[in-house]
Amino acid sequence: MSETKKFMYLNRRAPYGTIYALEGLEVVLIGAAFEQDVSMAFMDDGVFQLTKGQDTSDSDMKNFSPTYNALGDYEVNKIYVEQESMDDRGLTLDDLQHLVWEDEDEDYAKKPSIRVVSRQEMADLLEEQDIILNY
Amino acid sequence: MKFSIQVNEGPYTHQASDTAYKFTRAALEGGHEIYRVFFYHDGVNNGTRMTTPPQDDRNIVNRWSELSKEYDLDLVLCVAAAQRRGIVDEEEAKRHGKSGDNVAEGFRISGLGQLIDAGINSDRLISFGD
Chain A
21 MSETKKFMYL NRRAPYGTIY ALEGLEVVLI GAAFEQDVSM AFMDDGVFQL TKGQDTSDSD
81 MKNFSPTYNA LGDYEVNKIY VEQESMDDRG LTLDDLQHLV WEDEDEDYAK KPSIRVVSRQ
141 EMADLLEEQD IILNY
Chain B
10 MKFSIQVNEG PYTHQASDTA YKFTRAALEG GHEIYRVFFY HDGVNNGTRM TTPPQDDRNI
70 VNRWSELSKE YDLDLVLCVA AAQRRGIVDE EEAKRHGKSG DNVAEGFRIS GLGQLIDAGI
130 NSDRLISFGD
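As they're listed, the protein sequences go chains A and B.
Per this note's numbering, residue 21 is the first one in the first sequence, and the count goes up by one each step.
Per this note's numbering, residue 10 is the first one in the second sequence, and the count goes up by one each step.
Just so you know, these hints were derived from the structure itself, not from any lab.
None of the values given here were measured: they were computed from a predicted structure.
Note that the Cβ used here is the ideal one computed from N, Cα and C, for glycine as well.
Any given hint could be a false lead.
[Said to hold, decoys possible] Simulated coverage check for chain A against chain B, where a stretch passes if three residues somewhere in it have a Cβ under 8 Å from a Cβ of chain B:
| no. | stretch |
| --- | --- |
| 1 | 41-54 |
| 2 | 80-89 |
| 3 | 128-140 |
[Claimed, not checked] Take a look, some chain A residues computed to stay more than 12 Å from chain B by CB distance:
| no. | residue |
| --- | --- |
| 4 | Thr-71 |
| 5 | Lys-72 |
| 6 | Gln-74 |
| 7 | Gly-92 |
| 8 | Asp-107 |
| 9 | Asp-108 |
| 10 | Gln-117 |
| 11 | Asp-123 |
| 12 | Glu-124 |
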């Protein structure tokens with residue numbers, strides 16, 4: 021592979037109701053094998069994808085939310101969540117799953133993957149990317 | 010410039026595939042290269058040859074097939090998305106014991122890695138969707 025590109029997976033839709041979130045996550049997991057500079061971003065209703073305590077038993081939808089816990093093992097450890105989107109929906113960081121990754125350089129210390137950013141910071145992050153996959 | 014195209018919606022319900030087709034054709038006619046067109050989500054429904062629109066409407070599937078033939082275009086249907094939605098080629102039909110296959114001419118079924126590969130190896134990856 022000739023070069024490393026900055027890939028961002030941008031998630032803007034609720035986890036259920038459509039398949040975009042689930043199939044979007046499948047791209048992230050497959051894409052991890054390509055050793056690119058990967059990040060994920062969550063804004064608008066996409067912030068609901070990361071909430072803890074999801075229960076889909078009455079709707080027969082597949083609850084894929086535990087998969088987000090595996091992202092650290094796939095070296096997907098930059099997960100940006102937009103503050104304004106959480107505020108608009110009455111969510112705080114405590115409502116989200118505590119996602120971590122292990123830092124090999126610091127004796128596998130567990131570090132949080134989620135970084136809450138402002139809308140302006142999110143705009144700057146989007147600007148930096150080579151590839152944005154929007155689901 | 011070298012482009013890759015991602016189509017995320019099926020034919021007719023959304024205009025995404027039409028716009029992607031128009032863009033792809035215009036790029037090719039303008040002397041640009043299209044590295045790959047990747048169909049994901051309901052976009053895989055653009056690749057079934059069973060599509061039979063009314064005669065006075067555009068045939069979205071055939072149009073992609075013809076463009077593929079004309080320009081030797083790589084049209085890829087995501088295998089996982091295709092399996093969910095009943096799009097199978099001969100090999101997949103055999104493997105899963107299906108009575109027939111339905112992939113249109115010029116399309117091939119492959120994995121999501123083809124999308125990431127397209128992102129890496131193109132100057133621009135352009136998504137068409139809802």
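Do the hints match the structure? See the list:
1. 41-54: holds (count 7)
2. 80-89: Violated: only 0 residues of the stretch 80-89 of chain A have a Cβ under 8 Å from chain B.
3. 128-140: Coverage by chain B is violated for the stretch 128-140 of chain A (0 residues, Cβ < 8 Å).
4. Thr-71: With a cut-off of 12 Å, Thr-71/A remains clear of chain B, as the shortest Cβ separation is near 23 Å.
5. Lys-72: Its Cβ never comes within 12 Å of chain B, the nearest being 26 Å, so this holds.
6. Gln-74: Holds, because the least Cβ-Cβ distance between Gln-74/A and chain B comes to about 21 Å, which exceeds 12 Å.
7. Gly-92: Holds: least Cβ distance 19 Å, greater than 12 Å.
8. Asp-107: Asp-107/A is indeed farther than 12 Å from all Cβ atoms of chain B, at 26 Å.
9. Asp-108: Holds, since 21 Å exceeds 12 Å.
10. Gln-117: holds (24 Å)
11. Asp-123: holds (25 Å)
12. Glu-124: holds (23 Å)
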